[in-house]
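Participant: If you read the sequences in order, they're chains A and B.
Here the first sequence is numbered in the working numbering, starting from 1 and rising by one per residue.
Here the second sequence is numbered in the working numbering, starting from 1 and rising by one per residue.
Simulated from the structure, these hints should not be mistaken for lab results.
There's no promise every hint is true.
Distance condition first, Cα-Cα at most 25 Å in a straight line; then the derived PhoX-like pairs of lysine-lysine [said to hold, decoys possible]: (1) B/Lys151 <-> A/Lys263; (2) A/Lys104 <-> B/Lys60; (3) A/Lys350 <-> A/Lys298.
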Amino acid sequence: MQATASVRAQFLQARPACRPAARRSAVQPVRAAAAQGEMVDDMGFKLMRKGVKVAAKETILSPRFYTTDFDEVDEIFNLEKNPNLPMEELTAMLEEFRRDYNQKHFVRNEGFHEAADAIQGDMRKIFIEFLERSCTAEFSGFLLYKELGRRLQKSNPVVAEIFTLLARDEARHAGFINKALSDFNLALDLGFLTKNRTYTFFKPKFIIYATYLSEKIGYWRYISMYRHLQRNPDNQLYPMFEYFENWCQDENRHGDFLTAVLKARPELLKGLEARLWSRFFCLSVYITMYLNDHQRSKFYEALGLNTTQFNRHVILETNNATARIFPEVPDVEAPGFWPAMDRMVQYNEKIVEIGNSEAPEFLKKVQQAFYIERIIAECFQLFVGPMVRSGSFDIEGAGSYQY
Amino acid sequence: MQATLQLQAAAAAPVARRTQQTRALAGPCTAPQQPRMIAAKVGAITSQRNVAAHAKGAIKPMEATFTEFKLVDKSKKQDWYALLASAEFYFNDAQNEQMAENLRERVRYLTEKGEEVDMLFVCEPEWLERLFPEEAKKIRRPAVALLCPDKHWMTFMRIRLDRVIQVQLKDMTTEEVATSTQPVPKFPPPAKWTAPYKPYAWGWWDRFML
Chain A
1 MQATASVRAQ FLQARPACRP AARRSAVQPV RAAAAQGEMV DDMGFKLMRK GVKVAAKETI
61 LSPRFYTTDF DEVDEIFNLE KNPNLPMEEL TAMLEEFRRD YNQKHFVRNE GFHEAADAIQ
121 GDMRKIFIEF LERSCTAEFS GFLLYKELGR RLQKSNPVVA EIFTLLARDE ARHAGFINKA
181 LSDFNLALDL GFLTKNRTYT FFKPKFIIYA TYLSEKIGYW RYISMYRHLQ RNPDNQLYPM
241 FEYFENWCQD ENRHGDFLTA VLKARPELLK GLEARLWSRF FCLSVYITMY LNDHQRSKFY
301 EALGLNTTQF NRHVILETNN ATARIFPEVP DVEAPGFWPA MDRMVQYNEK IVEIGNSEAP
361 EFLKKVQQAF YIERIIAECF QLFVGPMVRS GSFDIEGAGS YQY
Chain B
1 MQATLQLQAA AAAPVARRTQ QTRALAGPCT APQQPRMIAA KVGAITSQRN VAAHAKGAIK
61 PMEATFTEFK LVDKSKKQDW YALLASAEFY FNDAQNEQMA ENLRERVRYL TEKGEEVDML
121 FVCEPEWLER LFPEEAKKIR RPAVALLCPD KHWMTFMRIR LDRVIQVQLK DMTTEEVATS
181 TQPVPKFPPP AKWTAPYKPY AWGWWDRFML
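Work out the full structure, taking the sequences as your base and the hints as a guide.
Facilitator: Written out as structure tokens, the structure is:
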């Protein structure tokens with residue numbers, strides 16, 4: 001079957017390229033796409049060349065590549081311009097990263113290939129998508145951290161080295177996932193992605209808030225999956241999950257480094273503006289995950305997880321972690337919070353359903369606009385909803401807190 | 001909707017497991033057709049349970065995978081850092097269960113490098129009221145101290161935990177800093193446990209107590 005696919009692919013590639021003028025919808029039957037002169041594997045995934053997958057179409061919810069104003073980053077960390085930058089915590093973090101706890105952890109066991117073969121049908125497709133998203137997210141971290149490490153080398157060697165070590169971890173993770181993808185006969189051409197993917201521009205302080213949250217939420221996602229599978233070995237359908245515990249300790253530590261960064265520049269944590277941005281970033285990250293995961297509910301169910309329970313737990317604990325540094329976090333235990341999140345899931349389902357329908361493109365846009373507007377309205381409601389004042393005691397003071 | 005899906009999955013689970021078991025027992029000799037084609041045809045929902053045999057049970061319980069180690073020598077005198085908080089905070093809080101993973105990772109690392117394991121937990125340390133009466137007042141009891149002479153690591157732990165008080169103990173032996181006046185209490189079952197997993201078994205911290 002494999003052979004047929006690649007023969008067909010080669011044959012199709014040899015033909016003159018006839019790019020389709022317009023796509024009716026993102027998800028097309030395999031045949032239809034193949035007929036239009038693209039390489040497609042037997043799962044319907046488009047290929048760049050044999051065994052190399054065309055990256056999934058970017059949407060508002062998909063993992064992004066980030067770039068930033070590197071001169072402004074330099075302003076933040078430059079030791080000549082900021083002679084009073086408190087470096088104690090950052091130096092301690094550097095020592096933690098230098099130890100490289102997981103240097104020998106990411107060695108594949110023999111199970112990967114066999115397990116990949118055993119995952120078939122719909123599940124195979126969902127699985128490949130999961131791996132692709134995870135790989136893109138890790139790789140996106142690598143690119144950003146690597147560049148930050150390079151740019152700060154002269155102005156702040158400690159922070160530069162930390163960024164380089166974070167890049168080391170992310171590259172390891174991305175490579176590990178991409179190797180796993182190759183067991184499914186599909187890998188991502190990361191070099192090609194580096195050059196061709198759109199980079200989202202974020203101001204440095206937004207990069208700091210956003211990466212803090214994505215590292216911490218990454219930790220809670222991986223550890224929750226891992227610990228669930230620890231108790232439910234019947235659902236342990238892929239050996240990669242065995243690596244998650246040590247893996248996510250890396251993510252957690254990355255988050256702690258960003259905590260140290262925020263504490264070194266307390267202006268990012270003080271005042272109304274900082275509070276509003278904290279609110280905004282927490283909510284965007286939580287909502288994105290909640291919608292994304294519910295759209296892929298089958299994946300979590302296959303692991304024996306209840307998508308909603310899993311997501312709520314991850315958000316709750318990420319929020320608890322974030323409350324130790326961000327000056328304000330949403331009150332996720334407020335009565336209206338989860339119902340609002342669930343309504344957004346329903347609206348998002350409608351949007352996807354319309355996107356996959358046979359209706360003409362303009363009609364789809366009109367139909368979708370209604371639900372998009374509903375989601376925006378819900379987001380706004382959450383944004384002005386109940387919040388909890390929070391933050392590091394080093395910044396906010398402990399008051400009369402009982403430890 | 002959610003509920004229906006779950007019910008279906010639950011009903012499908014044992015069936016799928018049985019199918020898989022039979023397949024494993026039968027082996028390739030009793031199945032003349034190409035086994036891989038069969039797997040492919042199962043497809044859809046049930047194939048989700050098509051667990052590769054090696055993957056089953058590969059994740060051992062955390063408590064069973066702590067590397068064997070010997071704690072730092074009792075009579076060794078050195079300067080210590082301590083992070084103070086309540087026993088509840090350290091040992092009965094879903095957020096701080098990461099401590100167990102963290103310590104386990106560090107134990108593995110230190111033993112690999114042939115370095116001493118020098119992280120200690122002490123419940124109601126003998127020195128608390130004597131040396132730090134002011135701090136002691138701010139802590140819910142029983143109090144617990146996390147101790148370690150490694151300044152960088154303790155700074156890192158403080159960044160992570162934040163809701164802890166850091167103090168320093170100069171020139172004390174392991175035995176002196178680790179003298180406890182009270183055992184860790186049995187906590188009542190957590191009122192709100194949101195996690196899709198169970199808490200780590202009570203007492204995982206014992207291995208760090210003298």
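Participant: Against this structure, judge whether each hint is valid.
Facilitator: Taking the hints in turn, this is what the structure says about them:
1. B/Lys151 <-> A/Lys263: 18 Å, holds
2. A/Lys104 <-> B/Lys60: Cα-Cα ~19 Å, so holds.
3. A/Lys350 <-> A/Lys298: Within the cut-off at roughly 17 Å; holds.
In this structure, none of the earlier numbered hints is contradicted; all agree with it.
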